[in-house]
Every structure is written in structure tokens, then in C-alpha cells.
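Student: Read off the chains here:
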Amino acid sequence: MTMPAPIRALRRPTGAIAAGWLLAVIFAALFAPLLTPYAYDVQNLPQAYQPASSAHWLGTDEFGRDLLTRLIYGARTSLSVSATAIAISVACGMTLGAAAAWFGGWLDRVVTMVVDMTWSFPEILIALILVAIIGPGTTGTMIAISVAYLAQFTRLTRAQIMTLKGETFVEAARSLGATNGHILFRHLLPNALAPVLVSAMLATGDAIILEATLGFFGLGAQPPTPSWGGMMSAGSALVFKAPWIIIFPGLAVAITVIAINLYGDALIAALDVRAKVRRTA
Amino acid sequence: MLSYLIRRILMLIPVFLAVSVVIFSILHFIPGDPIDNLLKPGSPPDARAQMEARYGLDKPLPVQYGIWLSKVVQGDLGTAIVARRPVTDLIATALPHSLWLGGLALLFSSVVGIVLGVVAALNKDGWPDKMIMGGVLVGSTMPSFWLGLLLILAFSVWLGWFPVSGARGWNSLVLPVLTIGLGGTALVARITRVSMIEAAGRDFVALLHAKGLSPLRIQLRHVLRQALIPVITILALRIGWILGGAVTVEVVFARPGLGTLLIKSLGQHDYPVVQACLLMLAMAVMLGTLLGDILQAAMDPRVRAALE
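If you read the protein sequences in the order shown, they are chains A and B. Under the working numbering, the first sequence is numbered contiguously, ending at residue 281. Under the working numbering, the second sequence is numbered contiguously, ending at residue 589.
Please note: incorrect hints may appear among the correct ones.
[As the list claims (entries may be wrong)] Pairwise CB distance ranges (calculated):
#1 ALA586/B <-> ASN191/A: 29 to 35 Å
#2 GLY384/B <-> HIS182/A: 42 to 48 Å
#3 LYS411/B <-> ALA52/A: 53 to 59 Å
#4 LEU35/A <-> MET292/B: 52 to 58 Å
#5 LYS411/B <-> LEU238/A: 48 to 54 Å
#6 PHE169/A <-> VAL584/B: 41 to 47 Å
[Said to hold, decoys possible] Stretches of chain B that chain A covers, calculated by requiring three or more beta carbons in the stretch to come under 8 Å of a beta carbon on chain A:
#7 519-529
#8 561-574
Worth flagging that the hints you see were computed from the coordinates, not collected in a lab. No residue lacks a Cβ here, since even glycine has one placed at the ideal position from N, Cα and C.
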């Protein structure tokens with residue numbers, strides 16, 4: 001009965017299928033060179049615009065490069081950029097949110113005001129402007145995405161800490177002589193972690209779409225490095241001639257984001273069950 | 282209610298000032314100089330100084346901000362550096378395209394989203410619910426530019442029903458509206474469903490059942506009315522998101538709206554135009570938030586009571 005929630009989430013069939021897809025994509029991204037005989041950047045012009053065949057399972061692009069190979073290498077870029085961006089965002093957001101909730105006063109007011117202001121702006125606009133300042137490329141995209149989602153995690157952590165601050169166990173810890181730092185780091189933050197991590201997981205899905213959108217505008221990873229958005233950017237001009245160039249990267253994005261959402265839902269359900277079990281026990 | 286309204290509108294002023302400072306200062310961090318695009322290669326340094334003086338780029342930043350803001354408040358958005366036309370003209374040509382697109386997409390996603398959400402809630406856990414929620418999940422996870430290109434491929438290229446791009450005639454609006462609308466529909470349907478199911482569990486519903494009203498009538502006349510409050514609030518708050526989506530979709534469909542103008546000017550480092558576009562989008566977001574708050578206060582007596 002004490003299996004961790006990420007494992008219990010697999011009991012739902014949709015959760016298990018989603019986890020299977022995500023693991024497969026991560027596996028493919030990690031072991032890309034072992035999985036495909038082709039290189040992602042070697043041009044082979046006589047082979048350009050080939051539809052799917054036994055030699056090229058998903059066809060070739062405008063430079064004759066194998067599309068499946070580029071898709072697998074593209075997963076490296078898209079997943080690592082999105083996941084790293086969200087990890088940075090969560091780390092900064094939790095620090096800011098916890099500091100605001102814990103210290104209160106003017107710090108809390110300033111943080112809340114800035115968060116409320118950026119909260120109402122579409123992430124794509126924030127990210128577009130930041131990439132314009134930092135410059136296109138993977139680093140720029142990463143920073144832009146992490147700033148675009150900062151408000152979400154700051155707000156969530158702040159709300160969590162605010163609620164937990166009033167709980168009896170905090171009072172108990174304090175009366176036992178626990179210091180402020182001990183309460184914050186050993187009691188409040190660990191308890192706030194689960195909801196933040198679940199929302200971080202769902203945000204990673206949104207970040208993959210955002211990364212693809214920036215890539216579509218030509219602001220993401222620069223050629224010849226493949227990314228799902230960059231592949232669609234190249235494919236958009238060729239949509240009439242070779243629609244598969246844009247269809248498959250888009251499918252990869254959509255299926256991966258759906259999988260993240262389904263697994264996230266299963267995870268939320270699994271966490272709820274545990275909360276209920278605890279309460280009745 | 283009136284005092285709340287006035288207070289809420291006054292609260293917009295500091296937000297507007299903060300946003301305007303951010304928009305103004307951020308753009309001066311962007312590397313690249315618009316003057317570079319205008320000067321002929323090899324022109325003498327005093328030509329550059331002259332040009333900078335002409336656009337006011339030689340003054341200190343806070344002064345530039347003050348001048349810019351006082352002009353903006355009077356409705357003067359400056360002159361586009363690359364297009365060499367008043368920015369107001371550019372915005373005036375672009376804005377109607379974006380407003381039509383955004384407005385119709387908002388309408389589409391509200392109507393379709395509420396209907397789907399109600400159907401799903403009435404059949405909770407049945408097959409229509411599962412199908413709608415599955416469709417909603419798929420709809421909300423597709424990158425909008427990709428969906429737009431697929432729609433172009435299917436309806437313009439293969440079926441030939443609608444033009445591929447451009448902004449001539451009503452039928453050029455169908456695909457862009459669908460592209461933006463489908464994403465919004467997913468959100469509205471999800472909120473309507475949750476909100477209906479939640480409202481159906483309240484005490485007053487049990488009372489209505491006890492009075493012997495027909496279940497469908499209770500759902501549509503009483504529960505839906507309650508359930509729509511959060512839906513409408515969130516729709517107003519989403520105005521910014523719809524405009525954000527419009528930026529991408531406009532580029533895909535080559536529509537001459539605010540988004541296309543913004544992306545083009547970002548590439549040309551044309552500060553005045555970028556500032557104006559961002560300001561328009563920011564104002565739309567602020568007005569949406571205002572509208573959401575006001576509608577919520579107007580519809581929900583409890584919110585009003587809490588305010589007074």
C-alpha cells in the first residue's frame with residue numbers, strides 16, 4: 001500500500017500508456033546515435049522530399065535528411081530545453097514564493113504585484129520579448145521559457161506556504177523549539193513540494209509547445225541542430241510540396257504533451273488517494 | 282457597486298504605468314539598432330547623430346520615457362522608423378483585423394465550449410463525457426500554428442474551400458478563427474463541465490429536486506446559471522491569451538494584424554511599432570481583467586457583498 005505515487009499512477013491504463021510513451025521518447029533521445037543509421041545533419045540532396053519508405057520510415061526533408069532521425073535528435077533539444085527551463089523556473093519560483101510567504105511585509109507585496117502583473121500576460125508574449133533581448137538559440141529559449149512560467153510557481157508556492165503556515169504541526173514544531181529555518185526547510189517546503197512538482201510536470205507540457213512555437217518563429221535552436229519547432233518552421237514553407245515534414249514533428253509534440261497531461265492526471269489521482277488514506281487512518 | 286467600479290478603474294493607472302515602464306525599458310535592451318537599418322553603409326558619423334536626434338534617441342532614457350509617455354497619452358505613438366509612417370496609422374490598419382479574429386474566436390470558443398461542457402456534465406462519466414473530454418485534451422495540446430497549417434492543408438489545399446492566407450473576404454477568417462477557437466473551446470468546455478458538476482451538488486439543487494421540478498429543467502435553468510459565473514470570468518481573463526494565440530496564428534495565415542506587425546517589427550528592431558503593439562496587447566489584457574472582475578461582481582451578489 002506504500003508504493004510511491006508515481007508508480008501507483010501506472011495503475012490507471014491511461015497513466016501507464018502515457019508513461020510508456022514518455023519513457024520511449026526519453027530513451028530514444030538519450031540513445032539517438034544507437035537507434036538510427038543516419039546522421040541528423042548530413043545532406044543528401046538526391047534523396048530530398050522522399051515520402052515514407054522502408055529506408056526512411058517517415059520520409060526525408062528538403063535536404064534529403066532522414067526525418068525520423070531528425071525527430072529523435074529533435075526530442076533531445078525540445079525535451080532538454082523545456083525540462084531545464086521548467087526546473088530553473090521551479091527553483092526560482094519556489095525560492096521567491098517561499099520568501100514572500102515567510103517574510104511577508106514589503107517583499108511579499110512587491111513579489112505579489114509583479115507576479116499578478118506578469119500572470120495576466122500570455123506566456124508566448126513574455127517569451128517572444130525575452131528571446132528578442134537575449135537573442136535566438138537554445139540558451140535564449142531556455143531563459144525565456146523559465147521566466148515566462150516563473151509567476152506560476154511563485155504564486156503556487158506562496159499560496160501553499162501561506163496555508164501550511166497556519167497548520168497545527170507548524171505550531172507543534174515551533175513549541176518544540178524548532179528554528180525558523182528548520183520549520184521552513186524541513187516542514188513547509190517538503191509539504192508544498194508535491195503540488196508544485198505536479199504542476200511543474202504539466203507546465204513542462206506547455207513549455208514543449210512554447211519551445212516549438214519559438215522554434216517555429218526561427219528563434220529556437222539554430223540549424224543544423226534539429227528541434228521539433230525548428231523542423232516545423234522549415235516544413236511550413238513546404239506544406240504543399242511535402243506535408244510530412246511538418247506533420248510528424250507536430251504529432252510528436254501533440255502526443256508527448258497529451259502523454260504528459262494524462263500521466264499528470266493519473267499522478268494527481270494517485271496523490272489524492274494517499275491523502276484520503278492518511279486522513280482516515 | 283459604483284464605488285467599486287471607480288476604484289477598480291483607478292487601480293488600472295499604476296498597473297498601466299508599471300507596464301509602460303517595462304515595455305519602454307525592455308526594448309532598449311534589445312541588441313541591434315534601428316538606425317543601422319536606415320543609414321546607408323559608409324555614411325559619415327554626423328549623419329548618424331542627426332538621425333538619432335531626429336528620432337530623439339540621443340536623450341537620456343528617463344527623458345525619452347517621459348516624452349514617449351506624454352505623447353502616448355495624447356494618442357501619438359510616434360513614427361515607425363523603418364516604415365516611416367505614423368505608428369498610429371499602422372496600428373489603425375492592423376487592429377481591426379486582430380479584433381475581428383480575436384472577437385470571433387472568443388465567440389466561437391464560448392458558444393461551442395459551453396455547449397460541449399454542458400453536454401459532458403449532463404452525461405458525467407458516460408461516453409459523451411469521455412469523448413468530449415478526450416477531444417478537449419487533444420485540442421488543448423496541439424501547437425496552434427501546427428493546427429493552423431493542418432487546417433490549411435485539409436481545407437484549402439485538398440478541399441479548396443477556403444483561401445490559404447490573406448485577409449480578403451469573410452471566408453479568409455474561417456480557418457484562423459477555428460485555429461484559435463479550438464484551443465479556447467477546450468478550456469471553456471473543461472471549466473463549464475467542472476463548474477456544472479460542482480453547482481449541481483449544492484443544497485439549492487436538492488431543494489429544487491424536492492419541489493419536483495424536472496431534472497433537465499433544473500440543470501439548464503438553475504445549475505447552468507450558477508455554473509456560468511466562473512466561466513464568464515475566466516473568458517474575460519482569457520482575452521489576453523486569445524490575443525497571444527492570435528499573434529502566432531496571424532503569422533501562419535499571413536493576416537495583416539497586430540501579431541504579424543509585432544513579429545515583423547521585432548525583426549526590424551523598429552522600437553516605436555513594437556512598443557505600440559505591446560501596449561495595445563497589454564491594454565487588451567488589462568481591459569479583459571477589468572471586465573472579468575466587473576462581470577463577476579455584477580453576477581455574484583456574494584462577491585459584491587465582500588467588496589462593500
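Student: Evaluate each hint against the coordinates.
Tutor: Status of each hint after checking the structure:
1. ALA586/B <-> ASN191/A: 29 to 35 Å: This hint holds: roughly 33 Å between Cβ atoms.
2. GLY384/B <-> HIS182/A: 42 to 48 Å: violated, 54 Å
3. LYS411/B <-> ALA52/A: 53 to 59 Å: violated, 32 Å
4. LEU35/A <-> MET292/B: 52 to 58 Å: 56 Å Cβ-Cβ, so the 52 to 58 Å window holds.
5. LYS411/B <-> LEU238/A: 48 to 54 Å: For LEU238/A against LYS411/B, whose Cβ atoms are near 37 Å apart, the range 48 to 54 Å is violated.
6. PHE169/A <-> VAL584/B: 41 to 47 Å: violated, 33 Å
7. 519-529: Our answer is that it holds, as 7 residues pass the Cβ test (under 8 Å) against chain A, meeting three.
8. 561-574: holds (count 6)
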